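Listed here are the chains, written in short residue letters.
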Amino acid sequence: MSARFHETRWTLVSRSKGDDAVSRAALGELCEAYYAPVVAFLRRDGRTEDAARDLAHDFFARLLAGGMIAGADPMLGRFRTYLLMALKRFAADQRERANAAKRGGGRGHVAIGAETTEAGTGWQIADERAEAPDAAFDRQWAITVLARALATVEAELRGSGKGDHFDVLKPWLTGDAGTPSQAEAAGRLGMGEGALKVAIHRLRKRFRAAVKAEIAQTVSGEGSVEEEMAALIAALCGG
Amino acid sequence: MNEPSPDSDPLHGLNPEALLAAAAIPTEDGGAGGSLAPGDLPSMEEIADAFPELEILGLIGHGGMSAVFRARQPKLDRLVALKVLPQSLAATEGFTERFIREGRVLARLSHPHVVAVHDFGESGGFCYLVMEHVDGVNLRQAMRAGRFTPEQALAVVPALCDALQFAHSQGVLHRDIKPENILLDSKGRVKIADFGIAKIVGEEGGDAALLTRSGARLGTAPYMAPEQFEQPASVDHRADIYSLGVVLYEMLTGELPIGRFAPPSEKADVGGGMDEVVFRALEKERSRRQQSAEEFKTQVAGVGTASGSCLEGISRPWSPFEYRSRRTLFGMPLLHVVMGRDPQTGRTREARGFFAFGDRARGVVAFGGIARGWLACGGMAIGGVAFGGAGIGLISFGGLAVGLLLALGGFSVGGLSLGGLAVGWHSMGGSAVGWHAIGGRVFAHQGMGRHVDAVHVAAELGEMPVLTQWLASIYPYQSVLGYLWVPLVGIMYLVPWWTRRRLRAESGGRFQGSASSKAAFWFVLALAMIAAVSKWVLPYSPKNFLPAGRGPSVAGEAIDEGSAKALGRIADLRFLRLKQNGTDWSWPVWNRDGDPADDAESMPLIEASSGGDVETENPEDCWLQLWFEHPDFDRYSQLEVRLVSLKGRALENRDASICSTAWAASQPAPRLLDFVASPGRVGSLPKEVGLQCRYGIGPWKLGRSVPSDFKGQMALDKGCHFAAVGTGSDGKAFVAWTRRDDDRQYDAIAILKGGRRLGSGEWSRGGVEGEGRVEKVSFAVPLDEIVSFQMRSRAIQTVHLSTVLPPLP
Numbered sequence: 001m002s003a004r005f006h007e008t009r010w011t012l013v014s015r016s017k018g019d020d021a022v023s024r025a026a027l028g029e030l031c032e033a034y035y036a037p038v039v040a041f042l043r044r045d046g047r048t049e050d051a052a053r054d055l056a057h058d059f060f061a062r063l064l065a066g067g068m069i070a071g072a073d074p075m076l077g078r079f080r081t082y083l084l085m086a087l088k089r090f091a092a093d094q095r096e097r098a099n100a101a102k103r104g105g106g107r108g109h110v111a112i113g114a115e116t117t118e119a120g121t122g123w124q125i126a127d128e129r130a131e132a133p134d135a136a137f138d139r140q141w142a143i144t145v146l147a148r149a150l151a152t153v154e155a156e157l158r159g160s161g162k163g164d165h166f167d168v169l170k171p172w173l174t175g176d177a178g179t180p181s182q183a184e185a186a187g188r189l190g191m192g193e194g195a196l197k198v199a200i201h202r203l204r205k206r207f208r209a210a211v212k213a214e215i216a217q218t219v220s221g222e223g224s225v226e227e228e229m230a231a232l233i234a235a236l237c238g239g
Numbered sequence: 001m002n003e004p005s006p007d008s009d010p011l012h013g014l015n016p017e018a019l020l021a022a023a024a025i026p027t028e029d030g031g032a033g034g035s036l037a038p039g040d041l042p043s044m045e046e047i048a049d050a051f052p053e054l055e056i057l058g059l060i061g062h063g064g065m066s067a068v069f070r071a072r073q074p075k076l077d078r079l080v081a082l083k084v085l086p087q088s089l090a091a092t093e094g095f096t097e098r099f100i101r102e103g104r105v106l107a108r109l110s111h112p113h114v115v116a117v118h119d120f121g122e123s124g125g126f127c128y129l130v131m132e133h134v135d136g137v138n139l140r141q142a143m144r145a146g147r148f149t150p151e152q153a154l155a156v157v158p159a160l161c162d163a164l165q166f167a168h169s170q171g172v173l174h175r176d177i178k179p180e181n182i183l184l185d186s187k188g189r190v191k192i193a194d195f196g197i198a199k200i201v202g203e204e205g206g207d208a209a210l211l212t213r214s215g216a217r218l219g220t221a222p223y224m225a226p227e228q229f230e231q232p233a234s235v236d237h238r239a240d241i242y243s244l245g246v247v248l249y250e251m252l253t254g255e256l257p258i259g260r261f262a263p264p265s266e267k268a269d270v271g272g273g274m275d276e277v278v279f280r281a282l283e284k285e286r287s288r289r290q291q292s293a294e295e296f297k298t299q300v301a302g303v304g305t306a307s308g309s310c311l312e313g314i315s316r317p318w319s320p321f322e323y324r325s326r327r328t329l330f331g332m333p334l335l336h337v338v339m340g341r342d343p344q345t346g347r348t349r350e351a352r353g354f355f356a357f358g359d360r361a362r363g364v365v366a367f368g369g370i371a372r373g374w375l376a377c378g379g380m381a382i383g384g385v386a387f388g389g390a391g392i393g394l395i396s397f398g399g400l401a402v403g404l405l406l407a408l409g410g411f412s413v414g415g416l417s418l419g420g421l422a423v424g425w426h427s428m429g430g431s432a433v434g435w436h437a438i439g440g441r442v443f444a445h446q447g448m449g450r451h452v453d454a455v456h457v458a459a460e461l462g463e464m465p466v467l468t469q470w471l472a473s474i475y476p477y478q479s480v481l482g483y484l485w486v487p488l489v490g491i492m493y494l495v496p497w498w499t500r501r502r503l504r505a506e507s508g509g510r511f512q513g514s515a516s517s518k519a520a521f522w523f524v525l526a527l528a529m530i531a532a533v534s535k536w537v538l539p540y541s542p543k544n545f546l547p548a549g550r551g552p553s554v555a556g557e558a559i560d561e562g563s564a565k566a567l568g569r570i571a572d573l574r575f576l577r578l579k580q581n582g583t584d585w586s587w588p589v590w591n592r593d594g595d596p597a598d599d600a601e602s603m604p605l606i607e608a609s610s611g612g613d614v615e616t617e618n619p620e621d622c623w624l625q626l627w628f629e630h631p632d633f634d635r636y637s638q639l640e641v642r643l644v645s646l647k648g649r650a651l652e653n654r655d656a657s658i659c660s661t662a663w664a665a666s667q668p669a670p671r672l673l674d675f676v677a678s679p680g681r682v683g684s685l686p687k688e689v690g691l692q693c694r695y696g697i698g699p700w701k702l703g704r705s706v707p708s709d710f711k712g713q714m715a716l717d718k719g720c721h722f723a724a725v726g727t728g729s730d731g732k733a734f735v736a737w738t739r740r741d742d743d744r745q746y747d748a749i750a751i752l753k754g755g756r757r758l759g760s761g762e763w764s765r766g767g768v769e770g771e772g773r774v775e776k777v778s779f780a781v782p783l784d785e786i787v788s789f790q791m792r793s794r795a796i797q798t799v800h801l802s803t804v805l806p807p808l809p
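Residue numbers (the numbering used here), protein chains in the order written: chain A, 1 to 239; chain B, 1 to 809.
Hint data in this document are derived by calculation from the structure and do not stem from the laboratory.
All values derive from a computational prediction rather than experimental measurement.
Even glycine gets a Cβ: it sits at the ideal position worked out from N, Cα and C.
Please note that a few of the clues may not be correct.
[Said to hold, decoys possible] Covered, in the sense of this in silico footprint (three residues per stretch, anywhere, with C-beta under 8 Å from a C-beta of chain B), are these stretches of chain A: (1) 197 to 208; (2) 227 to 235.
[What the hints assert, rightly or not] A few chain B positions that, by computed beta-carbon distances, are all more than 12 Å from chain A: (3) D119; (4) F229; (5) L256; (6) R327; (7) G415; (8) S602; (9) M603.
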């Protein structure tokens, strides 16, 4: 991992500003990986699920076609912040265009109908706890990082024929609370409790390394991994 | 890697917050991916070689950036913990210098709750610290062994706060407070380890090689304050407070405060107040956190007491309880109320707050059995202003009052003291002892009262110093004290009552009505007592002590100091009579209204105060004898009267050269002075004459002192010069002076060998008024018995009167 540290996907992209084929491939991989946060942002920004997916597609298409979004400098910081900045510009741009296309100018139209009492339609009282689009993006990002790390670990274990280890032991990844008893788990895996403890320990260790590796792919500056980790913790805490 | 589908659960049902937290937490070996790699871990042999003066006993543990060995110092025969940093660090440029600089600071950090650094340095390519060996476990291990009860968790906090407060006061931040760094020894003592280590190691953050394995920083992320990530350079002591908040939350709930975390009161048996304290410590904005470890400690202590079993006692009216407000002032709770003994230790507790109430209370404003504070009120009150059974303070009131400035009480001792028995520089009371004292029974330098034992006895209040007069003037207002007691007693009862009620409310209990009726009862009782006291005290005034009429008893040297009974009043022409040359004075004597004064009171006075006779050659010359009275006439008072016309001109047809000066030295009733002058001759007597009177009265002002063997010139006053000392023909000592000043009367006191003072006897003078006179006083002892003469002077009053002449007999 350390050997590849300076050659993460994001450092490749940022160094070349997305001009060469290798870096464009790397950007493609990143975008593919972090599709979900982009959709989460657009959903929270007031679009329907379908519209959000559609726009996300357009966004990535433009990004990957080399039309880097002006004003977003990939040399600064992390992939996450870069992507968010680009996405915001893109979303604002899109809205402006959509509004300009309507005759009504900047005002939306609301139908005054009889069916407004149905859930999900009509006026809704603002939910103060609803996340801002940025927060939704960051939160989804953190979840994506975790999901990708989990997937990596799972794939590794399954690859080495220890798929059942993953299935049985994964509850211990989040600590000791609420997990089934270790004796039961040991029974299911057919190993002693001591061996189970070692296995849990290894799984945790592997997972941590995977999370860190995942994060490392999205940062360029040295010393950023733990900062990004902290930022993700903050994002998950709901700011 | 496939694109995660939003429909499936990519997290396998695991809580994302917990998952991320787990990714960030190190296990006990600190073994996150980036920790000290096993290859970097120095072997026991390497360490033993590098530290020949230590016996390396074993590896205690290794974390992100260091390994810790148990070792023995054979010379001192003590166990130590040896913390070794990787050789790669020591090899980093500039690190060693900085390590030594920081190490010095850490080595000076000596506190019972801080793991001591005995030594540090570089040896065998390792930077190392030799630290106190703590035989026990760290908080992480302790928590893992079994969840903490809230009581256990809260018991750890004060020690942590003390240690942090101490370190912060020394300018040292910990920067890495986490359960792994909090050690509990086998005796249950708490010690914080690795103070400042995070800084030493962390500043190498710029080095890429180091960063890749800086698992330590990564691992402690949940404990780090937001600003430690965002602006590491600006981190201050409040980052440690954030970390402390995380540790407390974890101790209480067993979880980390990540995500939308539950308030501690939901997860643990603590009161709602604890939520507020913890949330405050975890504020993102550090200015909204507790601003010092001390404050954190105070707040935790404040809410800690409101939890659990402590509340049960509140239901009983006089049972022990404790209340501590969460709000603080000057680092102490705004209000702290403690009643009864500590149910756990059985010891008396002390209330310590800005406002403190308790059996023992200490604060800026303290109420209690023993109260200490700037305003202290209680059985025993000590403070700036102290009210109490016994009050000691700058100003104190009470049964026994000792006050540096002012004491009021049954027995009062103070600069100014007022009371049943008053002892003070200025004192006033039933019995008063002091330099200046007024009272029923007085021992003083200058005293006044019914029975006075003093060098100087005053007959009137006006003769006492201003402060003593003030003391006498406030005497009737002592009852105000009673009114002061009303609110004080009210506060003393009502505040504990209110806090008890509040505690009950917080604990969900219902407030009992009987308590308020009790409060009302005590309040009314206090009012009644105050009313009774003021009824007795109000009519009591200093007049009750003062002598009626004249004649205070005198002890000591009889030197008339001059009185000031009625200095504003002019002398009163009491009696007069007229006679012709060659006849004797005869009765009746007339009073000013033209009536004969032949009553039993006046006649002996007149007899006693009549001076000598006067005779001139012209048989037609008439003589007018006048008696003047003034309360302040004393044995040194002199009276001169010039008879003039009503228009103030000189009288005609008389021998104007003849007039006299009266003085009262030999008169037993010195308040009456007589004077003889000629108003004219038979046949040409004016019907009415003007009287220009001059007399010296009032207190004396001390002037210069003249040695009895003085032979030179000396100005004694503005208009007065020393003339001579000597022995007269009768063998008596005299002192003489010249004066041009007619506004003042001069006198001298002889200071005898042995310190006794002697007043002057005969007085004589010569010369012309207004142009310089020679005055002489003589003393009843020879000159060689006198050490020096103390000069003194006082004002001469001038008044203008007129009177109709009485008929010739």
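Now the hints, each set against the structure:
Evaluation of the coverage hint for the segment 197 to 208 of chain A: fulfilled, as 5 residues show C-beta separations to chain B shorter than 8 Å, against a requirement of three. Only when three residues or more bring their CB closer than 8 Å to a CB of chain B does the claim for the segment 227 to 235 of chain A stand; here the count is 7, and the claim holds. For D119/B, the non-interface assignment is confirmed: its Cβ lies about 31 Å from the closest Cβ of chain A, beyond the 12 Å cut-off. Its closest Cβ contact with chain A, about 4 Å, brings F229/B to no more than 12 Å, contrary to its assignment away from the interface.
For L256/B, the condition that its CB be more than 12 Å from all CB atoms of chain A is violated, with the nearest at approximately 9 Å. Once the 12 Å rule is applied to beta carbons, R327/B is consistent with being away from chain A; the minimum gap is 28 Å. Non-interface call for G415/B relative to chain A: holds, since the shortest CB-CB distance, roughly 64 Å, exceeds 12 Å. Separation of S602/B from chain A is adequate, the least Cβ-Cβ distance of about 103 Å exceeding the 12 Å criterion.
The Cβ of M603/B lies farther than 12 Å from every Cβ of chain A, with a closest approach of about 107 Å, so its non-interface assignment holds.
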